[in-house]
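Protein chains in written order, with the working numbering: chain A, 8 to 657; chain B, 8 to 657.
Incorrect hints may appear among the rest.
[What the hints assert, rightly or not] Label-pair restraints from in silico Cβ distances:
#  : chain 1 : residue 1 : chain 2 : residue 2 : range
1  : A       : Phe-542   : B       : Gly-91    : 35 to 41 angstroms
2  : A       : Ala-403   : B       : Ser-508   : 57 to 63 angstroms
3  : A       : Glu-72    : B       : Lys-449   : 33 to 39 angstroms
4  : B       : Asp-48    : A       : Gly-533   : 53 to 59 angstroms
5  : B       : Ala-68    : A       : Gly-332   : 49 to 55 angstroms
6  : B       : Asp-543   : A       : Glu-71    : 52 to 58 angstroms
7  : A       : Ala-403   : B       : Glu-637   : 26 to 32 angstroms
8  : B       : Glu-237   : A       : Glu-72    : 31 to 37 angstroms
9  : B       : Arg-85    : A       : Asp-183   : 58 to 64 angstroms
10 : A       : Ala-21    : B       : Val-511   : 52 to 58 angstroms
11 : A       : Glu-72    : B       : Asp-648   : 33 to 39 angstroms
12 : B       : Asp-648   : A       : Asp-543   : 50 to 56 angstroms
[To be verified] Quick partial rundown of chain A residues pointing at chain B, CB under 7 angstroms, derived from the structure:
#  : residue
13 : Thr-435
14 : Ser-611
15 : His-631
Everything labelled a hint here was simulated from the structure, so no lab data went into it. Every residue gets a Cβ at the ideal spot worked out from N, C-alpha and C, and that includes glycine.
Next come the chains, spelled out residue by residue.
There are 2 protein chains.
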Amino acid sequence: MAAPAHPATPPAPAPDLAALRALLDGEHAAIRDLCRTWLSDPANAPRPDLPMQEHRAQVLAWAEELADAGQTARGFPRAYGGEGQVGGAIAGFETLAFGDLSLLVKCGVQFGLFGGAVLHLGTRKHHERYLADIAALRLPGCFAMTESGHGSNVQQLATTATYDAATGEFVVATPDDAARKDYIGNAARDGRMAAVFAQLIVGGEERGVHALLVPLRDADGATLPGIRIEDCGAKLGLDGVDNGRIWFDEVRVPRDNLLDRYASVDEDGVYTSPIASSTKRFFTMLGTLIQGRVSVCGASISATKVALAIAVRHAESRRQFGPPGAPEVVLMDYRTHQRRLLPALAKVYALHFAQEDLVARLHHVFTSDAELDREKRELETLAAGLKAVATWHATATIQECREACGGMGYLKGNRFAALKADTDVFTTFEGDNTVLLQLAAKNLLTDFRDQLGELDPLGTAGFYAKQGFETVAERSAMREVLTRLADDLLPGRDDQADLTSRDVQLELLRWRADHVKSGVARRLKGGIDAGREPFDVLIDCQDHLIAAARAYVDCVVLEAFAAKIGQCADPGSRALLDRVCDLYALSTIEADRGWFQEHGRLSSTRSKAVIKAVNTLCGALRPHATALVEAFGVPEASLGDAAAVAEAKA
Amino acid sequence: MAAPAHPATPPAPAPDLAALRALLDGEHAAIRDLCRTWLSDPANAPRPDLPMQEHRAQVLAWAEELADAGQTARGFPRAYGGEGQVGGAIAGFETLAFGDLSLLVKCGVQFGLFGGAVLHLGTRKHHERYLADIAALRLPGCFAMTESGHGSNVQQLATTATYDAATGEFVVATPDDAARKDYIGNAARDGRMAAVFAQLIVGGEERGVHALLVPLRDADGATLPGIRIEDCGAKLGLDGVDNGRIWFDEVRVPRDNLLDRYASVDEDGVYTSPIASSTKRFFTMLGTLIQGRVSVCGASISATKVALAIAVRHAESRRQFGPPGAPEVVLMDYRTHQRRLLPALAKVYALHFAQEDLVARLHHVFTSDAELDREKRELETLAAGLKAVATWHATATIQECREACGGMGYLKGNRFAALKADTDVFTTFEGDNTVLLQLAAKNLLTDFRDQLGELDPLGTAGFYAKQGFETVAERSAMREVLTRLADDLLPGRDDQADLTSRDVQLELLRWRADHVKSGVARRLKGGIDAGREPFDVLIDCQDHLIAAARAYVDCVVLEAFAAKIGQCADPGSRALLDRVCDLYALSTIEADRGWFQEHGRLSSTRSKAVIKAVNTLCGALRPHATALVEAFGVPEASLGDAAAVAEAKA
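Starting from the given sequences, assemble the full structure and let the hints guide the process.
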């Protein structure tokens, strides 16, 4: 049970918890602490006992309190009650995610989606008219994009907004039930206005999906004429959010209500847009969704931290079984338990740092005046991929933590009920994960095409030759045969030492990312060259595309983590993070060791050594499990009853 | 997108749905249909809208109705209101699991656990006094084993039952809060009596854990003197079950209340038992838990069927994206969607047949008068292993199905909320899965020791020599090198044809099960021979033990499935099941292809061929997805709103 020391490194100084927390909190530490203070007030702790309607009322009251305190609209320009602080806004949002997730999503809808649509798709007149009221929650609003019949495929939305030049108005209509707006947050109870996404029709011509502002309720909360709203009712989770369905019966709104940053219609019904291509215009508008994805990604990481903090505390106090005649052993001492919790914990660290990078890129793109087309595409790719990976990690880890807490984890007071139910939808909203990974993969292939295009004929030939070589090497398996003979027949080559070399880890993940990407590119090209329907070829390659996106994300996450360690001033924390990073890298490689062997990148002996190295690292990190979760700074009030029970028993 | 035909087989006749259903329903089809009829009554459909207290009342009313109809105690002897039908009882229980799972668990507690304790641990006097009342639900009872401080480690329970010879009574006491009975179903509201597991103390001597009957409430429902009961309150799921905590303050019960099948105390306080070893006695008593595990296993398979039935129906009606200018494509046509649902569906078929086998073994052991020690141990091993694998499969598949239904799957009316929340605890109750897999592995090693013991010296040597050869062969990797060279350099050896040979599949899974088992046996023996503490050695090998149990279960499940196909009279269904079985086998091998390569059982080329074969099979089974889930016979009323929505759109 003793934790073996890290093979080739001298004993490191003890990590300094404050330094570790400071590194994690990063530049927005003050905002995070402000948010922690608010969450630590018992009046703001999650309330699993509240029935739905009371929960909704409580969530609105909390959101108003936060808005009054200026904590919810940091991303808005200073002129309209904000701080022009995209990064700070997300840091606050991430921290708020330690608490009641209905409150988080309510704020996300109001300030992120609705406010974001007005800010990013609207122009000065909209900003002046609405932003301050949105920031102060005097104008609660909705982001009405999804329809019952059209979720991921936004381009096919069926709601229409037809310009009537005679009156200078848009007529918004829901043609059938499949086109009703569905699952719309803030719609069932509180929303006064909605940013509605509809097919714009001007002078009889269809112009594609655009957003416009449509009032829903009057100042007294009564639904306006032509608007029909239905409550979605109870959901699997997030019961404090009032999701609803909206139908528009020829609702007329003034021409000015079109959010006209990327397209406008003049009095006479002439449509103009600074973006000539309608496809490009559409994707530019959708770009505003990126902030939502980045926010959900950060929130899922925070929720995972809460679950791990509870589970580690439980594992350090709960005793079961043990050697005959001796006291029972705490769960954390069991290898099975370490295996359940510690690789997941390492991955949360890795995701945390990758998210920090992502937020920095977002802040840069959204606050810069330059065009930054390439940066925008990279941002979109990473946001889509990381959101998918982080939210699935949340689902899996929260479940694992619940089970690791046994019967106690099943009681409603212990946060797992809420964490499970509330985060569940993260995998399918703000973009379904499976769709997002394909989006990310397609972006990666665009990069790839650029790369090919930039090469001169000689370079191109060399590029293909290299690809060809890899393939031949793989098929003939000769390289692996040689590696295996060297690895397996020479003494002393099955040690774990170089597996903890960051360069070796990075090389393995980078090679996989490149290889999967070029493999799927070849398959797509081959299928299309052979004259097959592109859509059929795409479907054949779907799982390959998803593998490409995942491999890319794993690689970027490791790079982000590795880069961050060097920035830590405290040598003890640095040494600890180094091992956490090893555990992330090696458990990621372990999970796909079938692939690495198939492609001659791990011999069977090396593959087994990866498993052993993960076990060794679990043992080495086990004494630091508590420090690692305490560094997250989850407020006690967010840990629920399980924490109290564990404390009482400790 | 066209489904490629199964390589080397001629086109099979279309499957006959009725024949497939009949095969699945097996010998207890009539009982299953009776239960389906009951579930199809709208009054008996799940009610996601009910608040906790109303839900509890509804569940009790339903259970009483079922008891009146004689549907709940088929496992009891005929003399006491039952049918002596262990297999039939479980078939009914499995079918009931299509509906409200709180009702299921309530019935499981009353008729399975409480009734089972009286039946299996008690003697004639208990049967005569209580069984008929238990069967009719006139005597609602509890199974009070788990304590706050002692869940899995039952041997360390701290509640005491001390015999007082002066009065001829047992004094039941809760020494501290860690010893309070916890999470006890039926305790908070309805239970009148409990089978209490306590350390028996007779004449000052500790005799280990025994069960005795302790009245909890009087006929009016008032708690009796000395009993304190607290409501566990709201839980993550199963809110219709009234779980509670119980403390005993020196509660006196007559000597006759000891369930004395395996140990009795006479008037003068002399303790006798037909089983000399106290350890063996303890495990014999715990043997009564097996039926609970088998029941939970079956219930988890049924819940998984419900989720898949909803998700497949949704996937066949929901359209998203498609080729330009053409109608959108149904989700089921996407490879990613097939990959999400079809291997999980194949596994449910496999688990269904394995469960059928398990129930037959249970019925045999529990209704036979013979000793059947070996059969009992095998039963315990399989029940523990299959329960763990099936309940984890339920958790993973229900989650996957929820996500595959997008936003619609998140609405509370659509059963996923309940399926997720209610089945969640299946992985940790009736034995925590991680503990159960270790129990199964230890049993397997006992078999292994027997096998070693039975070999003559020459045989033993031969056995070890064989083991030694495998190890050397593996380390030198020469065999794999040769396989790879043969596979990879010769033309035409990377086809998928022989992967669909059942013998090849069975051989791969059997070899893995044997190899992992003997590997962990060697490690355990090596560690102990080297003088290390056995407990430490065990902890080092924990993940290896769990791998051994999983490999064993995978193998037994494939064997059960393969054996069943031949019994199907309809050629079309047989051909279909053959492919479903291929998909189960190959997706199981695919999931552990890292291991198969590490151990030289799959070359890299063959490993890739496994992935391709799984894709091919997904395509081949795709047209049959609806038939495969309809064969489960899940009543419409159990499918919730999602089914209705899908129908409306279709």
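- Enumerate the violated hints, using their earlier numbering and listing them in ascending order. 1, 2, 3, 12, 15
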